[in-house]
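There are 2 protein chains.
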Amino acid sequence: MTPDSLSTTFAALADPTRRAILARLSSGEATVTELAEPFDLSLPAISKHLKVLQRAGLIAQGRKAQWRPCRLEAGPLKDVTEWLEHYRRFWDESFDRLDDYLREIQREEQHDHDE
Amino acid sequence: MTPDSLSTTFAALADPTRRAILARLSSGEATVTELAEPFDLSLPAISKHLKVLQRAGLIAQGRKAQWRPCRLEAGPLKDVTEWLEHYRRFWDESFDRLDDYLREIQREEQHDHDE
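If you read the protein sequences in the order shown, they are chains A and B. Quick note on this note's numbering: the first sequence kicks off at 1283 and runs consecutively. Quick note on this note's numbering: the second sequence kicks off at 1283 and runs consecutively.
Derived by calculation from the structure, the hints in this document are not laboratory data. There could be a bad hint or two in this list.
Each pair may be met inside one copy or between any two copies, as identical chains are not told apart.
Keeping only pairs whose Cα atoms sit at most 20 Å apart, straight-line, the calculated SDA-like set for lysine to any residue is [as the list claims (entries may be wrong)]:
#: 1; residue 1: K1330; residue 2: R1345
#: 2; residue 1: K1330; residue 2: R1306
#: 3; residue 1: K1360; residue 2: A1293
#: 4; residue 1: K1360; residue 2: D1297
#: 5; residue 1: K1330; residue 2: G1344
#: 6; residue 1: K1333; residue 2: R1350
#: 7; residue 1: K1360; residue 2: L1325
#: 8; residue 1: K1330; residue 2: W1349
#: 9; residue 1: K1360; residue 2: E1391
#: 10; residue 1: K1333; residue 2: S1287
#: 11; residue 1: K1330; residue 2: P1285
#: 12; residue 1: K1360; residue 2: S1289
#: 13; residue 1: K1330; residue 2: P1320
#: 14; residue 1: K1333; residue 2: R1370
#: 15; residue 1: K1333; residue 2: V1314
#: 16; residue 1: K1360; residue 2: R1350
Values in this document were obtained by computation on a predicted structure and should not be read as measured data.
Model the full assembly from the supplied sequences, consistent with the hints where possible.
As structure tokens, this is what we get:
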């Protein structure tokens, strides 16, 4: 069974180094060597991470033989955002409830003060 | 090294059954038995998934001895949304580029038509 694409995306994002690679690529294309530098990782280690990101469609690599820059591909991140939309009301609701609660406390304090 | 909380959240979401459990809980609390029903999974199998979700802080389970309903906890999903915000401009930009491209094609077609 091949995992569905949302699962592949989430699995690829479940690693701080891979998220840092995406953050780096969000400011522009970079070669594998450039990507490896800040992480103090060997080229094989970074290549493994890149392969996971590539398989998830989160990055693409140029085809020029010598200089194969990686770039961010945001499509799967958009799919994640769409999946999350369904849950947005939950934190908006909790915020509303907190707001009600704080208002309630304020009213009570005002009441105590008035007595 | 304990994984950071974003990695734990993403790993928990990287499974279609666990995402289906969250979808079910988004329409209200449910017991473990109720959650197991639609998935044709054994109770131990569903419990394993619930443990992963619970460790990620995505669900909480009531403490009443007999009936321990699970409920959705949306905090970690909000953190994911905040992490994604940084990347939003990428798909908005691609959309802009697509828009420019379609306009360009339209102009060319109009041009061909006029000749």
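Outcome of the hint check:
Proximity of K1330 and R1345 under a CA criterion of 20 Å is satisfied intra-copy only: 18 Å inside one chain copy versus 43 Å between copies. For the homomeric pair K1330 and R1306, the shortest alpha-carbon distance inside one copy (17 Å) is at most 20 Å, but the shortest distance between copies (35 Å) is not. For a Cα distance limit of 20 Å, the shortest separation of K1360 from A1293 qualifies both inside one copy, at 16 Å, and across copies, at 18 Å. In this assembly of identical chains, the alpha carbons of K1360 and D1297 lie at most 20 Å apart whether taken from the same copy (19 Å) or from different copies (18 Å).
Proximity of K1330 to G1344 under the C-alpha cut-off of 20 Å is restricted to the intra-copy arrangement: shortest distance 17 Å within a copy versus 41 Å between copies. When the C-alpha separation of K1333 and R1350 is checked against a cutoff of 20 Å, the pair qualifies only within one copy, where the shortest distance is 14 Å, while the shortest distance between copies is 42 Å. Proximity of K1360 to L1325 under the C-alpha cut-off of 20 Å is found in neither arrangement, the shortest distances being 29 Å within a copy and 34 Å between copies. Taking the shortest Cα distances, K1330 and W1349 sit within 20 Å of each other inside one copy (18 Å), while across copies they are farther apart (46 Å).
Within a single copy, K1360 and E1391 get their C-alpha atoms no closer than 45 Å, and across copies no closer than 31 Å, so neither meets the 20 Å cut-off. When the C-alpha separation of K1333 and S1287 is checked against a cutoff of 20 Å, the pair qualifies only within one copy, where the shortest distance is 15 Å, while the shortest distance between copies is 23 Å. For the identical chains of this complex, K1330 and P1285 are neighbours both inside a copy (19 Å) and across copies (19 Å), given an alpha-carbon limit of 20 Å. Within a single copy, K1360 and S1289 get their C-alpha atoms as close as 14 Å, and across copies as close as 18 Å, so both meet the 20 Å cut-off.
In this assembly of identical chains, the alpha carbons of K1330 and P1320 lie at most 20 Å apart only when taken from the same copy (16 Å versus 37 Å across copies). Taking the shortest Cα distances, K1333 and R1370 never come within 20 Å of each other, neither inside one copy (31 Å) nor across copies (23 Å). In this assembly of identical chains, the alpha carbons of K1333 and V1314 lie at most 20 Å apart only when taken from the same copy (11 Å versus 37 Å across copies). Proximity of K1360 and R1350 under a CA criterion of 20 Å is satisfied in neither setting, with 25 Å inside one chain copy and 35 Å between copies.
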